[in-house]
Amino acid sequence: MTLDRALADAPRWMFLVILVYAPWAYGCTWLPAITTLNHFSAVLLVWWVAGSAWRRRGPQMHWLPVVLVTGLLVQGWWLVWNAHSYHTYRTWTTVTRIWDNPPLPAWPGAIDRNLSQSAMLNVTALLGLFLFACDLMARPTWRKRVWATLALTAATVAVGGTVFKLGGPEMREWLWDAKVAELTSTFATYRYHGNAASLMSLGWALALGFAVVSAAGRGRPLLLAGWVMAALALLFGLFVNTSRAGWGLAALIALLVGGRFLWAWWRTAREDFRWGQGLVQSVMLVAVVATVLAAAMSADWTAKLVRLNTATATMQERYPSKVYHELARETGWLGHGADCFQMALPPYMEAFGLAGAEHDGFWRHAHNDYYEYLANWGRWGLGLWVVLIGGGLGLGLWEHFRAPVLWGSTQWALSFCGGCAIIGILVHALWDFPLEKASILLYFLTLVADGWARTPQPKEAPSPDASAAD
Numbered sequence: 000m001t002l003d004r005a006l007a008d009a010p011r012w013m014f015l016v017i018l019v020y021a022p023w024a025y026g027c028t029w030l031p032a033i034t035t036l037n038h039f040s041a042v043l044l045v046w047w048v049a050g051s052a053w054r055r056r057g058p059q060m061h062w063l064p065v066v067l068v069t070g071l072l073v074q075g076w077w078l079v080w081n082a083h084s085y086h087t088y089r090t091w092t093t094v095t096r097i098w099d100n101p102p103l104p105a106w107p108g109a110i111d112r113n114l115s116q117s118a119m120l121n122v123t124a125l126l127g128l129f130l131f132a133c134d135l136m137a138r139p140t141w142r143k144r145v146w147a148t149l150a151l152t153a154a155t156v157a158v159g160g161t162v163f164k165l166g167g168p169e170m171r172e173w174l175w176d177a178k179v180a181e182l183t184s185t186f187a188t189y190r191y192h193g194n195a196a197s198l199m200s201l202g203w204a205l206a207l208g209f210a211v212v213s214a215a216g217r218g219r220p221l222l223l224a225g226w227v228m229a230a231l232a233l234l235f236g237l238f239v240n241t242s243r244a245g246w247g248l249a250a251l252i253a254l255l256v257g258g259r260f261l262w263a264w265w266r267t268a269r270e271d272f273r274w275g276q277g278l279v280q281s282v283m284l285v286a287v288v289a290t291v292l293a294a295a296m297s298a299d300w301t302a303k304l305v306r307l308n309t310a311t312a313t314m315q316e317r318y319p320s321k322v323y324h325e326l327a328r329e330t331g332w333l334g335h336g337a338d339c340f341q342m343a344l345p346p347y348m349e350a351f352g353l354a355g356a357e358h359d360g361f362w363r364h365a366h367n368d369y370y371e372y373l374a375n376w377g378r379w380g381l382g383l384w385v386v387l388i389g390g391g392l393g394l395g396l397w398e399h400f401r402a403p404v405l406w407g408s409t410q411w412a413l414s415f416c417g418g419c420a421i422i423g424i425l426v427h428a429l430w431d432f433p434l435e436k437a438s439i440l441l442y443f444l445t446l447v448a449d450g451w452a453r454t455p456q457p458k459e460a461p462s463p464d465a466s467a468a469d
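All the letters of the sequence shown, read from the start, carry residue numbers 0 to 469 under numbering that gives the first Met the number 0.
Keep in mind that a hint or two might mislead.
Claimed, not checked - Computed spacing ranges between beta-carbons, pair by pair:
| hint | residue 1 | residue 2 | range |
| --- | --- | --- | --- |
| 1 | Glu329 | Gly352 | 13 to 21 Å |
| 2 | Pro168 | Leu72 | 37 to 45 Å |
| 3 | Met228 | Arg266 | 40 to 48 Å |
Calculated directly from the structure, the hints in this document are not laboratory data.
From a predicted model like this one, the values you see are computed outputs, not experimental measurements.
Just so you know, even glycine gets a beta-carbon here, dropped at the ideal spot from N, CA and C.
Given only the sequences and the hints, what does the whole structure look like? Please build it.
Written out as structure tokens, the structure is:
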């Protein structure tokens, strides 16, 4: 291996390590884990930039995501620099705002310096990793490695979460203190089961794609068996988990992936299909899936049915629409600052008489990422996020649908499954907060980067690290 190749590949392998680390470090929802993720990201980005300079070869990426990321970072750090205040808790559900002598009082600034600064450190790290992924995902072999890492890591979370769930509080004390271990709302290393469901839904979509590709490639039964087992483990984990969102995401992604590939099969491959053999295989597959779902639901199926029937009422409790609408109406173009929703909301909750303990106490998140991003980033910042995410999703799906059907192609199949995973998270964000958690946002932005990586790149002379691996 040459020095140039080592410099090029080192940050790429480190990125895969970060993808494995993030979910298992308590989902990077714990401050020390977030800080470690930020440090890992800083090392990777410095190595990436230094390696590119040494090899005299710039990153391969479209200019638009660079502009969008720059706009978000400039806005976020401006609000930190010109922060107007910070907060102290008056009670456990109300806060007192304290003026902080900003450099430019008449100009926009964050309403809480400490929260926005801490959040922007993590946002900067994640957006830096997003740009790195835009460059990395332009290389087909590395794109496949990233997809496999995402899917298999999510599968390990599903397996680990299932073991801890079935093992009871005694086993969960390996991860949590005794009080938290008694709760049924934890799953694997995630304190909140909805966040675990989001991560597993990403892996579920990708594992289905790998299973489809393996089934199309004749002569690879072990590979097919491995990906089918990974997909079933994720499905089992989604239904053992008590998150109703996870059940819905599993069904939504299965419908999207199944509908797309069944339609493609009907148009291109049904003439060579052996109907008798296929019927037997279909019955066996349905039986296996039904068994997995029955086993996952069997332990507390009555409680899960009750939770399913009360889903609408629970969503209404988590969605004080009048409060959110008033907060959104009064939010400026640049917002209140990253992660400052939790300090912007309490005055509105007090004004509407919803600040008592009977109203679920202090709300750190909105249970609706769209309102929370609007409060944190304002109309201008939210627009940048919409273009960044929508552009990656749209380009990825456009590339998939304009390409011919290639059943043995991982690139063709996984481009659609990655889009389905993004859609699932965007749907989940309507009533939860997956895009506020670093590990989920990292996985999500990696798939968004895959879409941006499919934009046409200018032709360049072969680089010293060019090889079949790229």
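Structure-based check of all given hints:
1. A beta carbon spacing of about 18 Å between Glu329 and Gly352 agrees with the range 13 to 21 Å that was offered as a hint.
2. For the pair Pro168 and Leu72, the beta carbons lie near 43 Å from each other, so the given range of 37 to 45 Å is met.
3. Take Met228 and Arg266: their Cβ atoms lie about 29 Å apart, and the range 40 to 48 Å is violated.
Violated hint for the displayed structure: number 3, the only one.
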